[in-house]
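Protein chains: 2
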Amino acid sequence: MTRKDLIEIIKKKQSLLCVGLDTDINKIPDFLKREFDNPVLEFNRRIIKATAGLAVAFKINTAFYESQGEKGWKNLILTIDMIPKDTFIIADAKRADIGNTSRMYAKAFFEKMKADAITIAPYMGRDSVKPFFDYKNKWIIILALTSNIGSKDFQYLTVDDKGTKLYEKVLKTSSKWGDIDNTMFVVGATHPEDFKNIRKIVPDHFLLVPGIGAQGGDLEQVLKKGLNSDYGLLINSSRGIIYASSDEEFDLAAKGKALELVNNIRKIIKF
Amino acid sequence: MTRKDLIEIIKKKQSLLCVGLDTDINKIPDFLKREFDNPVLEFNRRIIKATAGLAVAFKINTAFYESQGEKGWKNLILTIDMIPKDTFIIADAKRADIGNTSRMYAKAFFEKMKADAITIAPYMGRDSVKPFFDYKNKWIIILALTSNIGSKDFQYLTVDDKGTKLYEKVLKTSSKWGDIDNTMFVVGATHPEDFKNIRKIVPDHFLLVPGIGAQGGDLEQVLKKGLNSDYGLLINSSRGIIYASSDEEFDLAAKGKALELVNNIRKIIKF
Chain A
63 MTRKDLIEII
73 KKKQSLLCVG
83 LDTDINKIPD
93 FLKREFDNPV
103 LEFNRRIIKA
113 TAGLAVAFKI
123 NTAFYESQGE
133 KGWKNLILTI
143 DMIPKDTFII
153 ADAKRADIGN
163 TSRMYAKAFF
173 EKMKADAITI
183 APYMGRDSVK
193 PFFDYKNKWI
203 IILALTSNIG
213 SKDFQYLTVD
223 DKGTKLYEKV
233 LKTSSKWGDI
243 DNTMFVVGAT
253 HPEDFKNIRK
263 IVPDHFLLVP
273 GIGAQGGDLE
283 QVLKKGLNSD
293 YGLLINSSRG
303 IIYASSDEEF
313 DLAAKGKALE
323 LVNNIRKIIK
333 F
Chain B
63 MTRKDLIEII
73 KKKQSLLCVG
83 LDTDINKIPD
93 FLKREFDNPV
103 LEFNRRIIKA
113 TAGLAVAFKI
123 NTAFYESQGE
133 KGWKNLILTI
143 DMIPKDTFII
153 ADAKRADIGN
163 TSRMYAKAFF
173 EKMKADAITI
183 APYMGRDSVK
193 PFFDYKNKWI
203 IILALTSNIG
213 SKDFQYLTVD
223 DKGTKLYEKV
233 LKTSSKWGDI
243 DNTMFVVGAT
253 HPEDFKNIRK
263 IVPDHFLLVP
273 GIGAQGGDLE
283 QVLKKGLNSD
293 YGLLINSSRG
303 IIYASSDEEF
313 DLAAKGKALE
323 LVNNIRKIIK
333 F
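Protein chains in written order, with my numbering: chain A, 63 to 333; chain B, 63 to 333.
Just chain A, same shape as in the assembly (with noise of 0.2 Å):
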């Protein structure tokens, strides 16, 4: 997919919202379990239906498939193919690996599931990375500034005797591998007072923001400090969507959280 789509279809569903389905066997409801011989892809196909139109991208982590061995992998790409044409794909899968091995991943993303992009893990650098840009129109979403406690170990480190942070050194030298056409940045949204100076190093780029929900980041000042002229945020909820529920209209209630943040959205920015 093309900026120019994504944009289009934020335009058009006047959405910034990415469903994550990072879909736990043991958090789906007890009745799919019951009545179908593949309750996670049921699973997945209702939550994709009730929030399509909603959603302009689906992210979909890919430990919650590999848990489930073969027949999980094989429902990571049957759930791709299920997703609508109109929406933006990513595979939550924070790869990268010596130059050799990332084409492999590149491959097994791009070409064997039809994902847009993929999340990139940015330790081991340029040549890690670039085998992803060797697919046109495909993205890559580099870890620069984690939702997660964790994100505090390393990515806050101070690199130079200007104190810029590691994840600003991140920020500044992997956007220059690519463009603004293929390279995105994950920024979570629980760290709401680094946006600012993010938007200074990386102005134009898109950014995925997980966080909100579940881990309880501030969708308003994420809105208010990370937009820019092209929209440029994609703010992601998986536990806070898709078990919102856990009777027989799960997926009503998902379409109802969706619905919900989506207005929260729609309130900040006029599409």
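Zero decoy hints are in this set.
Examples of chain A residues lying across from chain B (beta carbon under 10 Å, computed): (1) K156; (2) R157; (3) T163; (4) M166; (5) A170; (6) E173; (7) P184; (8) L205; (9) T208; (10) L219; (11) D222; (12) K231; (13) Q277; (14) R301.
Since the hints were derived computationally from the structure, they do not count as laboratory data.
In this text, a Cβ means the ideal position worked out from N, Cα and C, and glycines have one as well.
Go by the hints and put chain B onto chain A.
Here is chain B on its own, set in the frame of chain A:
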């Protein structure tokens, strides 16, 4: 596997060799593709059989399997099932995510697959690593100083006024998360000059050392500077061993290359 068991295996096999099963369908001998329904699995079966007497460990890089979709993931599981019990099994997956997600990765690699260890990217910090420690006699292997050229982008950044580099900080900080019985570090053989320094920070930990062979690392320097009183090193070679030949006796050629490397190790170490 316990540390004690690992050391016993090293002594018994008189080897530090880790064979990397980076099995690429496009690089395996053509006759396997003609004669077998599952040529990747047959390739792995023969390589494992030929080298298991020399290999202390096998390292399976997940990327090569993920690039083959669902069948690839199944081959990953089946390959691990084929590896003899007296070998340390490393899932080279370079995972890590927020806590509830890392728990899923731990389940994927320690329960669904019977890997002894998983490689971990440190960028997301402590809580992204912690769930892996809930498994007894399982190991995490944290990326410290990687073998690729991109290791210079961030890993050598100076992170305090004492001149500590990022990879040193990663070693110092993350070596406190676990202990020498559940944590190892990846240190590339392409940085032999750093091993002495690394041994000052983590004198007792095992190091997994890629970069010998195709990447040109210096075995003698690595052994001289990296060994500790419990050996403390696993020396990986992937492409240099498994693709030694593409004829029908590729497995014997692989065994020859493995023996060559093990003999070079035995010249320097008394087991």
